[in-house]
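Generate coordinates for the entire structure from the input sequences, incorporating the hints supplied.
In the order they appear, the protein sequences are chains A and B. Letter by letter, the first sequence follows residues 477 to 836 in the working numbering. Letter by letter, the second sequence follows residues 477 to 836 in the working numbering.
There may be inaccurate statements among the hints.
[As the list claims (entries may be wrong)] Subject to a maximum C-alpha distance of 25 Å in a straight line, what follows is the list of computed DMTMM-like cross-link-like pairs (lysine to aspartate or glutamate):
#: 1; chain 1: A; residue 1: 793; chain 2: A; residue 2: 823
#: 2; chain 1: B; residue 1: 805; chain 2: A; residue 2: 512
#: 3; chain 1: B; residue 1: 706; chain 2: B; residue 2: 726
#: 4; chain 1: A; residue 1: 793; chain 2: B; residue 2: 515
#: 5; chain 1: B; residue 1: 793; chain 2: A; residue 2: 512
#: 6; chain 1: A; residue 1: 805; chain 2: B; residue 2: 710
#: 7; chain 1: A; residue 1: 633; chain 2: A; residue 2: 554
It is worth saying that the hints were derived from the structure and are not from the lab.
There are 2 protein chains.
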Amino acid sequence: MPPATHRRLFIPGPTEVDPGTLEQMARPMIGHRGAEFTELYRKVAAKLARLLSTERPVFLATGSATMVMEAALANCVERRCLHLACGAFGERWHEIALSRGLEADIVSVDWGQANDAGSVDRALSTGRYDAVAVVYSETSTGVLSPVPQIARLVREKYPDVLVLVDAVSAMGAIDIPLDALGLDVVLAGIQKAFACPPGLVVFAASERAMARSRRLRNKGYYLDFVSYEKAHAEGQTITTPAISQFFALDHSLDLLFAEGLPAVYDRHARMSRLSREWAARRGLTLFPDPRHVTPTLTCLRSGAIDLDRLHAHMRSKGIVLGKGYGKAKSSTFRIAHMGRIQPADVEEVLAYIDEYLEAR
Amino acid sequence: MPPATHRRLFIPGPTEVDPGTLEQMARPMIGHRGAEFTELYRKVAAKLARLLSTERPVFLATGSATMVMEAALANCVERRCLHLACGAFGERWHEIALSRGLEADIVSVDWGQANDAGSVDRALSTGRYDAVAVVYSETSTGVLSPVPQIARLVREKYPDVLVLVDAVSAMGAIDIPLDALGLDVVLAGIQKAFACPPGLVVFAASERAMARSRRLRNKGYYLDFVSYEKAHAEGQTITTPAISQFFALDHSLDLLFAEGLPAVYDRHARMSRLSREWAARRGLTLFPDPRHVTPTLTCLRSGAIDLDRLHAHMRSKGIVLGKGYGKAKSSTFRIAHMGRIQPADVEEVLAYIDEYLEAR
Chain A
477 MPPATHRRLF IPGPTEVDPG TLEQMARPMI GHRGAEFTEL YRKVAAKLAR
527 LLSTERPVFL ATGSATMVME AALANCVERR CLHLACGAFG ERWHEIALSR
577 GLEADIVSVD WGQANDAGSV DRALSTGRYD AVAVVYSETS TGVLSPVPQI
627 ARLVREKYPD VLVLVDAVSA MGAIDIPLDA LGLDVVLAGI QKAFACPPGL
677 VVFAASERAM ARSRRLRNKG YYLDFVSYEK AHAEGQTITT PAISQFFALD
727 HSLDLLFAEG LPAVYDRHAR MSRLSREWAA RRGLTLFPDP RHVTPTLTCL
777 RSGAIDLDRL HAHMRSKGIV LGKGYGKAKS STFRIAHMGR IQPADVEEVL
827 AYIDEYLEAR
Chain B
477 MPPATHRRLF IPGPTEVDPG TLEQMARPMI GHRGAEFTEL YRKVAAKLAR
527 LLSTERPVFL ATGSATMVME AALANCVERR CLHLACGAFG ERWHEIALSR
577 GLEADIVSVD WGQANDAGSV DRALSTGRYD AVAVVYSETS TGVLSPVPQI
627 ARLVREKYPD VLVLVDAVSA MGAIDIPLDA LGLDVVLAGI QKAFACPPGL
677 VVFAASERAM ARSRRLRNKG YYLDFVSYEK AHAEGQTITT PAISQFFALD
727 HSLDLLFAEG LPAVYDRHAR MSRLSREWAA RRGLTLFPDP RHVTPTLTCL
777 RSGAIDLDRL HAHMRSKGIV LGKGYGKAKS STFRIAHMGR IQPADVEEVL
827 AYIDEYLEAR
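What follows is the structure in structure tokens.
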């Protein structure tokens with residue numbers, strides 16, 4: 477049974493899960509090769525296609541988002557990949573490429589800054605690259621990358637270059653109209669803005685990306701987009717899926733649509749704004765460049781705050797606050813506000829932080 | 477909420493899940509980088525090491541078993557892999573090797589037969605191979621491979637050859653003392669004899685296998701055993717894990733230990749025996765060679781039985797029976813009896829089949 481001491485999560489994943497979604501996790505199993513699962517699969521995939529305003533099939537992989545970051549490279553990089561990095565996850569994507577023996581370069585900006593379309597243009601103009609990989613919402617720094625601008629540039633000037641987007645901590649919280657933006661691969665774990673327990677990855681691939689994948693060899697079995705496409709056509713997954721997470725995701729998508737997507741996106745923007753306004757009033761410094769802030773989390777410099785004591789205070793209030801990540805671990809803290817979290821929840825969290833700051 | 481129409485699963489995965497285990501699936505999330513998860517991880521890993529009578533670390537990957545079948549090859553095959561096949565999953569493992577561009581050969585026996593140590597000896601004596609891959613319990617045919625004999629041969633005569641074992645539908649139902657048998661990689665999904673919802677894979681690697689992995693390049697990121705080993709030392713997973721399935725697995729392992737492992741293994745053997753004795757009385761033919769029967773499922777030739785009508789009858793009784801798989805799809809059916817299923821459940825299922833056969 478759930479321990480009475482459950483602490484509410486304001487960390488950038490897993491995020492707090494709605495009780496109705498949790499209930500879905502406890503449903504008895506069904507066979508994944510039967511009609512009941514196929515119906516569930518098709519329902520979830522259709523809702524995801526609606527969310528992403530796409531005519532493309534939306535696939536689901538059992539694993540973590542990192543796995544599909546790797547799959548995107550295995551299926552889409554024939555010559556050399558250009559990685560854009562503004563934090564830990566962009567850097568990791570480049571490492572993933574190297575770990576598979578792929579050719580890859582990285583264009584990094586300082587943590588807290590955002591990559592820009594101009595530098596992408598300069599790099600792609602060398603003609604060395606057939607893919608560019610970008611993290612939409614860089615969870616380590618709280619930066620939102622200008623993906624629409626980058627995609628527009630690539631689609632206009634470099635038609636053969638594929639745009640691969642890690643949309644973890646973005647999908648479900650900001651509008652990502654796949655086809656209109658001309659993105660080639662987009663992926664996200666379900667434990668962020670979808671507010672489900674982790675275990676499934678949502679992803680989609682453009683026809684350009686699928687054509688590339690069909691040509692590529694040695695992609696492996698579990699990560700081959702062509703297999704996902706074939707299984708999808710039959711309302712199936714390539715191997716035994718995390719069935720419980722399918723039930724949960726189906727329910728959490730219903731919650732998103734019931735609220736209305738514009739309202740969902742607006743709520744995330746509001747939670748970001750009220751966190752930043754509070755920080756400004758408090759004299760706390762935002763870690764990311766204020767022009768490039770993701771709506772799903774607020775990353776703040778800790779300055780003179782004793783982080784251990786702050787986190788302990790929050791825990792005593794039944795709240796888990798996000799710690800810093802990677803090289804910003806000891807100099808930042810993060811307030812994640814995505815998924816089922818409401819503005820009132822954020823206000824409550826900020827009030828607890830106030831309490832700590834005032835008592836110091 | 478669970479539909480009132482839940483049908484009990486006698487299919488070879490996912491298997492029927494205990495209500496207490498399902499309850500664990502609905503627990504609120506915890507952060508996977510915090511102390512609470514580390515404690516859970518260490519508890520589960522220790523219980524698994526006890527189950528496998530091993531001093532080695534036991535790892536957990538979020539994904540399906542197919543993924544770790546691929547990982548085993550990526551981490552352990554430097555020159556060429558010998559695949560033993562007696563059904564669909566052995567054949568698939570060979571396909572997985574080819575899908576990654578690895579060098580691999582396959583030694584197949586007729587479906588229903590088992591590979592034997594003699595043919596392994598002949599193949600390995602060529603000196604071409606540095607790994608041999610074998611499916612312990614071939615779920616498509618109901619055959620149990622003589623893994624202890626094969627492992628003994630390899631350990632005695634071919635010390636540098638690694639023994640990779642797919643123990644899906646075996647681990648948790650038969651005793652697999654990892655170190656004593658001298659196996660190098662063993663893997664299993666948790667939705668078979670562990671009777672959990674799918675999403676996690678249990679696996680372990682010998683020091684020989686880890687040494688091979690440390691030397692190999694281009695393994696990729698998500699499948700790299702070295703990363704799993706590093707994370708394990710800190711009580712962590714390499715990326716966001718399927719946390720709910722950790723809760724469930726912890727509980728289901730407690731159920732196994734509460735029953736007592738010898739009793740668990742004996743129960744599976746008894747369910748197999750009573751299914752086979754019933755089949756013999758009924759004049760039904762076992763698909764596998766009777767000398768090589770897995771205790772976790774009984775695969776029967778359908779003969780004159782109309783399979784669609786049989787399955788429909790069983791569904792009307794609230795039971796899902798296993799269909800045939802792959803090329804045996806239309807000529808067999810499978811009664812899976814593993815995990816939480818008890819002899820009395822099997823007797824109930826057999827009585828329903830009797831009912832159908834008598835009414836024909």
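Against the structure, the hints:
1. Between residue 793 (chain A) and residue 823 (chain A) the alpha-carbon distance is near 14 Å, which keeps this suggested pair within the 25 Å criterion.
2. Between the alpha carbons of residue 805 (chain B) and residue 512 (chain A) the distance comes to roughly 19 Å, so the proposed pair stays at or under 25 Å and holds.
3. Only pairs whose Cα atoms come within 25 Å are accepted, and residue 706 (chain B) paired with residue 726 (chain B) is accepted, the gap being roughly 22 Å.
4. Restraint check for residue 793 (chain A) and residue 515 (chain B): satisfied, since their Cα atoms lie roughly 22 Å apart, inside the 25 Å limit.
5. Between residue 793 (chain B) and residue 512 (chain A) the CA atoms are separated by roughly 17 Å; this keeps the pair inside 25 Å, and the hint holds.
6. For the suggested pair residue 805 (chain A) and residue 710 (chain B), the alpha carbons sit about 17 Å apart, so the restraint of at most 25 Å is met.
7. In summary, the hint linking residue 633 (chain A) to residue 554 (chain A) is supported, as the alpha carbons are separated by about 19 Å, within the 25 Å threshold.
Violated hints are absent here; each numbered hint is respected by the structure.
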